[in-house]
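Q: Spelled out from the first residue to the last, the chains are:
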Amino acid sequence: MAEFVDYILNLDDSWFSYLVGALVAAVLILHVVAVGALLFIWMERKISGRIQDRLGPTRVGGKFGWLQTLADGIKLIAKEDLTPDLADKFLFKIAPYVGLAASYAAFIALPFADGVVGQHVNTAVFFVLAVLGLEVFSVILAGYASGSKWSLFGAMREAAQVVSYEVPLGMCVVVPVLICGTMNLTTIANMQAGYFTNWLVFNDPFTFLTAIIYFTCATAGVNRAPFDLAEAESELVAGFHTEYSGLRWSLFFMAEYSSMFVVSALASILFFGGPHGPIPIADILSFLSIDQLGNPDVQAFDETAGGFFSSVNLQVIIARLLGVGNLLFKGIIGVTVMMWIRWTFPRLRIDQVMTMCLKYCVPLAAVGFLGATAWQALDLPTANSLLGSPRYHHHELWTHGLEHQQGSENASSEASDDETPHAEDKTVKADEVFANTVPVSVVKGGER
Amino acid sequence: MSEIPLVTELRSRFGEGIIDVNLEAIDEWVEVTPDVLVGVCEFLKEAEGFRFDMCNSITVVDYLHTDPKKAAKVDWEPHMEVVYHLSSIATKMTLVLKVKIPRWKNGVEGELPGVPSVSGVWSTADWHEREAYDLSGVNFLGHPQLKRILCPDDWEGHPLRKDYEQPLEYHGIRGR
Amino acid sequence: MATSKIDDPRVIEFDVRTDEMLINMGPQHPSTHGVLRLVLRTDGEVVSDVEPHLGYLHRCAEKIGENLTARQWVPYTDRMDYLAAMNMNLGWSLVIEKMLDHDLPERARHLRVIISEMGRIASHLVAMGTYGLDLGSFTPFLYGFREREKILNLFEEACGARLTYSYLTPGGATADLPAGWTDKCLQFLAEFKEVIPELHTLLTTNTIFVSRTAGIGVMPARMAIDYGCTGPVLRGSGVYHDLRFHGEERYTEMYDGYVFDVICADPETGLYPESNYEFHGDSLDYPEIPRQAVLGDCWHRFYVRMLEVVQSVRLVEQAIEKYEATSGDWGTPIKLTQKLPAKEAYMETEAPRGQMGFYVVGNGDAIPWRVRARSSSFCNLSVTAPLCQGILLADIPAIVGSLDVVMGEIDR
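Chains as they are written, first to last, in our numbering: chain R, 43 to 490; chain Y, 446 to 621; chain D, -16 to 395.
I should point out that these hints are in silico values taken from the structure, not numbers from a laboratory.
Among these hints, one or two may not hold up.
Claimed, not checked - Pulled from the structure, derived: some chain R residues nowhere near chain D, Cβ distances all over 10 Å:
no.: 1; residue: Leu65
no.: 2; residue: Ala76
no.: 3; residue: Gly104
no.: 4; residue: Ile116
no.: 5; residue: Leu128
no.: 6; residue: Val140
no.: 7; residue: Thr165
no.: 8; residue: Phe257
no.: 9; residue: Val366
no.: 10; residue: Ala416
no.: 11; residue: Leu422
Stated by the list, open to error - Calculated lysine-lysine pairs in the BS3-like style (CA-CA distance at most 30 Å, straight line):
no.: 12; chain 1: D; residue 1: Lys322; chain 2: Y; residue 2: Lys545
no.: 13; chain 1: D; residue 1: Lys46; chain 2: Y; residue 2: Lys550
no.: 14; chain 1: Y; residue 1: Lys514; chain 2: D; residue 2: Lys46
no.: 15; chain 1: Y; residue 1: Lys518; chain 2: D; residue 2: Lys326
no.: 16; chain 1: Y; residue 1: Lys543; chain 2: D; residue 2: Lys322
no.: 17; chain 1: Y; residue 1: Lys545; chain 2: D; residue 2: Lys326
On a predicted model such as this, the values are computed, not experimentally measured, just so you know.
For each residue, glycine too, the CB sits at the ideal point set by N, CA and C.
Pulled out of the complex, with its shape left as it was, chain R reads as follows (with noise of 0.2 Å):
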């Protein structure tokens, strides 16, 4: 965006044009949040109220009540805002701010296709994991500041949730990681294009525990339904949040159904295909050949060609517009998933989530991670190459010690995502990296 700019107004790498840049993305990434969260508070409503058996809203905005939200969001923004006596009255305003923000900023690094990203980060998985991490301090001080014994139990109980499912949301999230050989989300998605069965998710069997166990991890994580522990409202009332009214209220939901369509969307790319279809429509139509996907030759943009049309390259916009409708899909399945299942289960008992996570999710994460691994290492057939459809070139393993035969234009290919500043010496490693490296399909006999 930034080049964009520069180029528009014919600036040298202006501030001004980076400043640009991120406002746009910001204000792009702003709808995503609340518009999101605006349709999926109405998914619920309609969802559960289809999986109940009653109709849901139904007349709000004409058909279907698709504006019930809004007027909902009118109404809380109308109610008076209280804070309790007891409370500690800075922190507990804060406290949903922290909650938005933290799932706001996961949006950053999260590709929704090839080169639409926030910012382009090379470590984006750790990165979005990390971001996300941090709501659970929005629970934690509103449970604290609310001075509610309700609010602070519905702290200690996320605290002790979100904490420990993280240690197997990361051992699952290391698997695709492992196995692409970069924690570039860009890369990792690229590498899955393709037909389905190119997805990660059927790489082997242990990826497709894996990315079970993270959906699962996932949902707990963020809180929701039978681990929605933090705000369950048959026991806490209403946890962390009893005593907020108002916007402040609806910020932690805001912050929770987009902190649901980050992992969804994550889950996708991780182990989906990301914004690869499972059919590559892109590439049918020959909008963009699978090969130019990441080639840094291959922009939308292109300053170099000199003349606004005809620098604009339509076909990679169109093809990144259906990357960006396959993310956006895949990802509203995920929260689709994760409604049906609030729905449909009674709550955990917190000891019950524990055990759950370190009896069950960390060994089974640990398996998958292990047993991934073996995969790799011992070269064994995937889903791709036991159907014999056709690999791509990107779906590569690091791990792989042969001699490399067509590394150099797939290293050059991996290495171009990097767009940080300082990514001089991480395209240096990487082409090291990739110097080694070995298209597992060429190996296999398999066809580019």
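Given chain R, put chains Y and D in place with the hints provided.
A: Structure of chains Y and D alone, referenced to chain R:
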């Protein structure tokens, strides 16, 4: 009736403690003195063949006509009756125990009359006795925690007594 | 070398000890089923002591009863267990009839079976649904209410009310069932039987549900009897006692000629009676008992209610058949100013929540001298304190919910 061996048994064991037996009533009842109440209850609960293991209800009936005209017509003196409805899950028998007590202890108005508590015999009697104390004003002696259960702790009077008058106000709320 | 102050184990223990916390659960709490207030003494999540406080709904209905005639008090019985008002009406009607030695025509007897068993189904549906709600599952609640609404529609057709019916009165019922009512009722039962396995899937056999309820709040039979627990709570502990079988003659003769089971696990084998009930030619099998379940725990109490619903369906079907086959009077209600003899009568009936007893003392007037309602929920709730010791906070809704209390009946 199946209670007849029970009555002979009770009479032989408690003698003078058994004041009256009415087998013609709709529900046959046995009247005992407060002194032997706990003993009778323990016996009824444990005795082979009877096993009144369930205490269904403890009720206090206040016999008092506040209207002197009506009071003159009846053949009883003002008194209270504590009625125990017992049944047996093992033998499916039922029995009513009655204890007659004065309306006030030693005739001093305001002093609650006492009855030995049977909460040691049946745990369920705990709450029943609390309710009876709360609503009818009977002091169950030996009860572990005799305090009001349905009315607020600072409520005055015992509503199910016939001479009860609704307080004029309670914490600023007008009563009548 | 002198032990520094910090190394003293007592000091360390003092420093790391956690304080106990007194928490007020209720009366405005989502899972205390109305206005029950529980004062909890907790150490973190572990609850060491629970003290129930009642009376937030106290109206002293017994005092009101001393100022109204027997029939005038019927609406007050509605407001006791408002989820099963028909059964409350029945209990009061029977005790007045017992006092007056008033016998009912046969048709009225079958009508009462239909109505009271439908009331039991409606009540158990709420119990089932709210129990799901207590455990954090919202959906079964609405499933339960969906079916209950259909029953309420039927009741509305019969008596004009949906919650406080005052339909069964001393002497019979206020009116006969309207024409075509039994067909609608049979149609409802046919639909309802399809739903029962659905409810079982949603809760009874759900893994999370089982792990939340099985082995929690275990109440041995001796304790249940000692605390005066009745109804499904008592039978959930494996005590074979149902007043429809073992009650007074005046009550059991209502069920003469009916075939149904008392739902109670055999304490020896831990097994429930076989489902002898068929529909669509298939046996309506009960779900398996999970291995974690212990006789007398929350799961068994819930399970007993779920199976009782099936027995009630059986009873209503038989009752409708018998009702259709008999002709004649549905029972005329007694006069509004019917004088009560100077006698006293006590009678218990098997209400959905346990044995509901009414005690009347007459003195020759139309207005009884003393009225007493022995509430089943009151006794069932009294077991909360001993059951809720050393458990987790989240188990309190599970235990209190499994007792299925209705505060209107407790506070009266």
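Q: So, for every hint listed, does it hold in this structure?
A: Status of each hint after checking the structure:
no.: 1; hint: Leu65; result: holds, 41 Å
no.: 2; hint: Ala76; result: holds, 26 Å
no.: 3; hint: Gly104; result: holds, 26 Å
no.: 4; hint: Ile116; result: holds, 26 Å
no.: 5; hint: Leu128; result: holds, 14 Å
no.: 6; hint: Val140; result: holds, 25 Å
no.: 7; hint: Thr165; result: holds, 36 Å
no.: 8; hint: Phe257; result: holds, 17 Å
no.: 9; hint: Val366; result: holds, 34 Å
no.: 10; hint: Ala416; result: holds, 31 Å
no.: 11; hint: Leu422; result: holds, 33 Å
no.: 12; hint: D/Lys322 / Y/Lys545; result: holds, 26 Å
no.: 13; hint: D/Lys46 / Y/Lys550; result: holds, 23 Å
no.: 14; hint: Y/Lys514 / D/Lys46; result: holds, 22 Å
no.: 15; hint: Y/Lys518 / D/Lys326; result: holds, 17 Å
no.: 16; hint: Y/Lys543 / D/Lys322; result: holds, 25 Å
no.: 17; hint: Y/Lys545 / D/Lys326; result: holds, 17 Å
Comparing the model with each earlier hint shows no violations; every hint is respected.
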